[in-house]
Amino acid sequence: MGVKLLLEKAHVEGIRHYDVYRREGGYRAVEKALKTMSPDAITEEVKKSGLRGRGGAGFPAGMKWSFLAKPEGVPRHLVCNADESEPGTFKDRYLMEFLPHLLIEGLIIASYALGSNATYIYIRGEYAWIPDILERAIAEAKANGWLGKNILGTGFDCEIYVQRGAGAYICGEETALIESLEGKRGNPRIKPPFPAVKGVWDRPTVVNNVETLAAVGPIINIGGEEYAKIGVGRSTGTKLISACGNINKPGVYEIDMTISVEEFIYSDEYCGGIKNGKKLKACIPGGSSVPILPANLLLKTAKGDTRLMNYESLADGGFATGSSMGSGGFIVLDEDQCVVKHTYTLARFYRHESCGQCSPCREGTGWMEKILKNIEMGKGKMSDIDLLWDIQRKIEGNTICPLGDAAAWPVAAAIRHFRDEFEWHINNPQECLTRNYGLAHYADPIHVPTTA
Amino acid sequence: MIQFSEQKLAKVQEIIARYPQGKQKSALIPVLHLAQEEYGWLSAETMDYVASLLQIEPIEVYEVATFYSMFNLKPVGKFLFEVCQTGPCMISGSDDIVDYIKQRLGISVGETTPDGMFTLKTVECLGACGYAPMMQLGKHYKEHLTKERVDTIIEECRKNAGVLN
Ligand SMILES: Cc1cc2nc3c(=O)[nH]c(=O)nc-3n(C[C@H](O)[C@H](O)[C@H](O)COP(=O)(O)O)c2cc1C
Ligand code: SF4
Ligand code: FES
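Just so you know, the sequences run in chain order A and B.
For the first sequence, this note's numbering begins at 1 and goes up steadily by one.
For the second sequence, this note's numbering begins at 453 and goes up steadily by one.
Incorrect hints may have been included.
Derived lysine-lysine pairs resembling DSSO-like cross-links, with alpha carbons at most 30 angstroms apart [said to hold, decoys possible]: (1) A/Lys379 / B/Lys554; (2) B/Lys530 / B/Lys554; (3) B/Lys554 / A/Lys275; (4) A/Lys9 / A/Lys142; (5) A/Lys184 / B/Lys591; (6) A/Lys4 / A/Lys300; (7) B/Lys573 / B/Lys526; (8) A/Lys198 / A/Lys149; (9) B/Lys573 / A/Lys379; (10) A/Lys142 / B/Lys477; (11) B/Lys554 / B/Lys526; (12) B/Lys591 / A/Lys9; (13) A/Lys142 / B/Lys591; (14) A/Lys249 / B/Lys591; (15) A/Lys198 / B/Lys475; (16) A/Lys149 / B/Lys463; (17) A/Lys373 / B/Lys554; (18) A/Lys198 / A/Lys249; (19) A/Lys370 / B/Lys477; (20) B/Lys573 / A/Lys184.
Hints in this document: simulated from the structure, not taken from any laboratory.
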């Protein structure tokens with residue numbers, strides 16, 4: 001069993017409620033931080049921990065906090081990104097639903113470190129029952145003196161508010177989230193200025209993911225250095241992985257980033273193997289935006305090393321032969337699944353979610369969806385594959401926000417690794433309607449050239 | 453006439469108080485949720501009312517209401533089945549669930565049953581991928597859907613609406 005920092009107490013009966021949470025050692029971190037540490041010392045501790053943003057980009061959290069502008073007399077804000085809409089990702093929901101006080105502890109400490117007197121949790125609108133859970137926990141924290149005015153006699157005031165979105169993946173992008181929080185359409189802003197300088201209501205703002213902020217309490221409890229000892233390299237601490245698809249035990253798992261992908265998929269502690277005794281065909285290891293990998297490249301890198309569940313190893317080989325940790329949304333496809341159809345659903349998702357501001361993204365996502373649908377329905381032409389490749393290349397890097405890239409990458413990776421499956425669809429327009437291409441050679445050992 | 457109850461109006465004031473002075477527009481999405489809970493969908497009249505509550509222009513409300521997929525701009529059935537069909541749900545059998553609901557209710561995606569009871573919609577990932585196939589029904593998620601579970605849900609809805617089969 002690996003180290004558990006976030007989910008250690010997840011199964012304690014009643015942990016959602018203050019009394020139980022407190023009895024189990026909760027709010028010790030807030031006490032320690034507010035009574036014995038300065039705001040800057042907290043930021044230092046988070047820097048030392050090596051904690052990287054868990055929302056997808058993996059940017060070091062402590063560094064982000066140190067960039068926050070602090071002009072005299074201008075209020076600053078912390079915003080917790082609970083928009084969680086990347087297909088495959090459902091870990092933040094788990095934290096908020098079952099361990100709301102863990103998040104609130106992190107929010108209080110981070111608010112103190114950043115000087116945010118009004119902190120907002122922006123949660124996707126569809127998680128409609130979770131605000132009640134969070135608001136109850138916030139009220140409990142307040143009733144016990146952890147929120148409100150002059151917390152623990154430090155002179156620090158803080159309120160936490162929960163704000164629901166209303167169905168828009170793009171509002172997970174931090175500047176779109178800020179627009180939405182201001183009561184506008186979720187159109188991403190052109191950067192710079194960055195939120196650290198001009199965020200919500202033009203005030204300096206830090207936006208962090210739920211899991212990032214939930215990790216702050218444990219970091220203060222054990223110390224940044226101890227936290228950094230867990231894991232490997234720049235993948236410090238623990239990471240939540242939400243595993244789904246054709247596996248025996250879908251769910252949210254906390255890993256310490258030293259285990260192999262193979263162990264994660266097949267061990268009973270985690271996914272418990274592929275469902276119905278089927279074979280593994282492919283996997284998207286970090287949420288729908290990251291490249292899909294065939295089984296052979298998933299389990300071993302192109303160099304032949306065992307691939308591990310951490311930032312560096314998942315990305316080994318770049319986008320040519322690797323993928324990315326992303327948001328930790330781990331989607332497993334068995335031998336019966338069709339990569340063309342799966343990619344089509346993702347293209348449809350991105351077309352639906354494009355905010356429409358930039359033409360490469362607005363038009364490109366629509367085209368990709370249409371072409372993929374045609375191929376899936378047995379109406380594709382061979383030239384469509386190159387056309388798809390061309391469209392995704394024209395989107396990537398040419399848009400205001402990274403949604404364009406996020407839409408391009410899954411299509412690029414599917415063609416890169418599964419081109420023969422696309423060709424088979426086009427060459428067998430009838431057969432592809434009644435059966436799938438299957439496992440093909442995607443799980444064969446990778447040919448590693450031996451040096452003479 | 454659109455008019456919130458005293459209780460709802462107090463809630464609106466409580467929400468506005470979360471933001472700095474003069475930034476009451478930030479309350480727009482939460483207040484639209486309140487309105488939709490009350491009326492089931494957002495008519496032009498409702499949106500104009502929300503604009504007046506927040507002292508903003510009606511166009512600012514329309515812009516937002518049309519952007520977010522959760523806001524219904526036309527009436528929907530008493531029970532809205534929103535079945536997720538994105539990749540992870542698709543590979544877990546969501547197509548079969550959509551087909552089954554269509555057959556059971558005798559409607560296509562996007563339609564409402566003639567009695568105004570059920571509307572079927574397909575939606576994109578709802579953050580329940582590990583508990584697929586799934587759908588949203590009002591404030592809650594119905595997960596691990598099977599044909600039997602769909603039957604039960606439909607029955608429960610009918611019962612809750614006080615209508616006999
Ligand atoms: C299209 C798009 C969607 C995103 N969705 C989310 C999301 O749902 N949750 C999240 O935490 N970050 C999301 N992000 C990343 C945020 O922009 C931002 O980097 C993150 O909230 C920063 O927090 P972190 O540093 O703690 O990860 C998204 C980014 C893009 C481009
Ligand atoms: S890349 Fe797409 S989602 Fe992002 S701003 Fe442009 S159109 Fe909007
Ligand atoms: S794909 Fe259906 S809930 Fe995520």
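Checked hints:
no., hint, verdict
1, A/Lys379 / B/Lys554, "26 angstroms, holds"
2, B/Lys530 / B/Lys554, "17 angstroms, holds"
3, B/Lys554 / A/Lys275, "28 angstroms, holds"
4, A/Lys9 / A/Lys142, "22 angstroms, holds"
5, A/Lys184 / B/Lys591, "23 angstroms, holds"
6, A/Lys4 / A/Lys300, "26 angstroms, holds"
7, B/Lys573 / B/Lys526, "13 angstroms, holds"
8, A/Lys198 / A/Lys149, "26 angstroms, holds"
9, B/Lys573 / A/Lys379, "26 angstroms, holds"
10, A/Lys142 / B/Lys477, "26 angstroms, holds"
11, B/Lys554 / B/Lys526, "20 angstroms, holds"
12, B/Lys591 / A/Lys9, "27 angstroms, holds"
13, A/Lys142 / B/Lys591, "26 angstroms, holds"
14, A/Lys249 / B/Lys591, "26 angstroms, holds"
15, A/Lys198 / B/Lys475, "16 angstroms, holds"
16, A/Lys149 / B/Lys463, "22 angstroms, holds"
17, A/Lys373 / B/Lys554, "22 angstroms, holds"
18, A/Lys198 / A/Lys249, "43 angstroms, violated"
19, A/Lys370 / B/Lys477, "38 angstroms, violated"
20, B/Lys573 / A/Lys184, "25 angstroms, holds"
Going down the numbered hints, you'll see the structure goes against 18 and 19, while the others check out.
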